[in-house]
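> Here is how the chains run, residue by residue.
There are 2 protein chains.
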Amino acid sequence: MTCVIGFDADDTLWHCETHFASAQEQFTKLLAPYGAELLPLARLMEIERHNMRTYGYGVKGFTLSMIETAVDITGGRISGHDIRNIIELGRNILDQPLEIIDGARTVLENLAGHRRLLLVTKGDLLDQEAKISRSGLADLFSVIEIVSEKDQPAYRRLFNRHGIEAERLVMVGNSLRSDILPVIALGGRGIHIPYRITAAHETAEDPGTAIKCESIREVPGLLDAMGA
Amino acid sequence: MTCVIGFDADDTLWHCETHFASAQEQFTKLLAPYGAELLPLARLMEIERHNMRTYGYGVKGFTLSMIETAVDITGGRISGHDIRNIIELGRNILDQPLEIIDGARTVLENLAGHRRLLLVTKGDLLDQEAKISRSGLADLFSVIEIVSEKDQPAYRRLFNRHGIEAERLVMVGNSLRSDILPVIALGGRGIHIPYRITAAHETAEDPGTAIKCESIREVPGLLDAMGA
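If you're matching them up, the sequences are chains A and B in order. Under the numbering used here, the first residue of the first sequence carries the number 1, and numbering increases by one thereafter. Under the numbering used here, the first residue of the second sequence carries the number 1001, and numbering increases by one thereafter.
Next up, chain A with everything else stripped away, as it sits in the complex (with noise of 0.2 Å):
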């Protein structure tokens, strides 16, 4: 029986998180102004955090974390026309050009002949199906699921759904707390490609169990090696 390789998509596949990281660094920029003292992505992060639960992932909870925090940090002094700002912010992340990343779309041609690929991604459903459209990378994948939490019991209504025994699925992705863990603790396998930022709401203590790699172009290799 064929091996499932399931991937995650931002910051696996193509570049996300660096476009949130320039939209905090714009967001720090922009409330400077109102006082040395602020300390914007601390607070962000806790609003972010705590929004979660009702906004969950995504660009437009993201805005209007910033939005709260905006309000929070200065007292209510913010400006309707930094509100603005920080809403083009958020808009600006949307509008971004797709960036794959090196060596993405080779390794998956190369796989989609003699495995059956998952795509499985979290955040908002719009935005993550206009960047899996541009990706021009769908056509890959004979399964795609756009999922608001990435557990153990996403992961388990999905192998139900589509009929995936965990043991035969090995789960290549940045997040060892959303795209690995999960997927070893139901029994399967994972490859952890860091990316060279993690958002705070993905840090996740590395129990060794994974295994690790610099880039996607090692993940034929390694399943070679692995008998995946």
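Far from chain B, some chain A residues (derived; all Cβ distances over 12 Å):
#1 Ala-36
#2 Met-45
#3 Leu-98
#4 Ile-100
#5 Ile-101
#6 Gly-103
#7 Arg-156
#8 Ala-200
#9 Leu-222
Covered by chain A, per the in silico footprint, the following chain B stretches (three or more residues, Cβ under 8 Å):
#10 1073-1087
#11 1091-1104
#12 1116-1129
By construction, these hints were calculated from the structure, which means they are not laboratory data. Backbone N, C-alpha and C define an ideal beta-carbon position, used for all residues, glycine too.
Given chain A, put chain B in place with the hints provided.
Leaving out everything else, chain B in the frame of chain A:
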């Protein structure tokens, strides 16, 4: 072969648009002190329509559009305090208890025994999942799909994915534009149950090709009459 009965969720199985309408009323009141001549709802509708392309449907995009409208029509004079109030208006929609539409549960329970039921809804992923889960109705459906748009291509993808023949599908919903017309265009049938409010972006000309009724309680009888 069994017929497939598709159901829309918001304003077909549970109340939704009333919460948006209530938020809009409060939004108007909140902006009244900035100028009696302002027409916040007309401008909000324009901005929402424009933002739909990037934000898609759902409460988060609606909240961002309210904020943008408030900055715009007050010429930037909106206070930080009121920006926070607008964020809360959005959050209140997400926190509303789910209120199932009268008769929906009984009708679904009866139909589920001898027909394949499909749930197709659009909006923010996490919000829709939370509502489906809180509804306690999920187990009655053999397929649940949350999509970013309910147009012909979206229904076609859904039919292909689940092996549904359009000719054997009857779609039940409150929106002619999203639930009924695209399904009829693909060769399916529709039962239109207008809700007491229709969102501006859901309005459509009624070509008279859909069967119309006043309550979900009429659906089983109509299906029998249709031979579905």
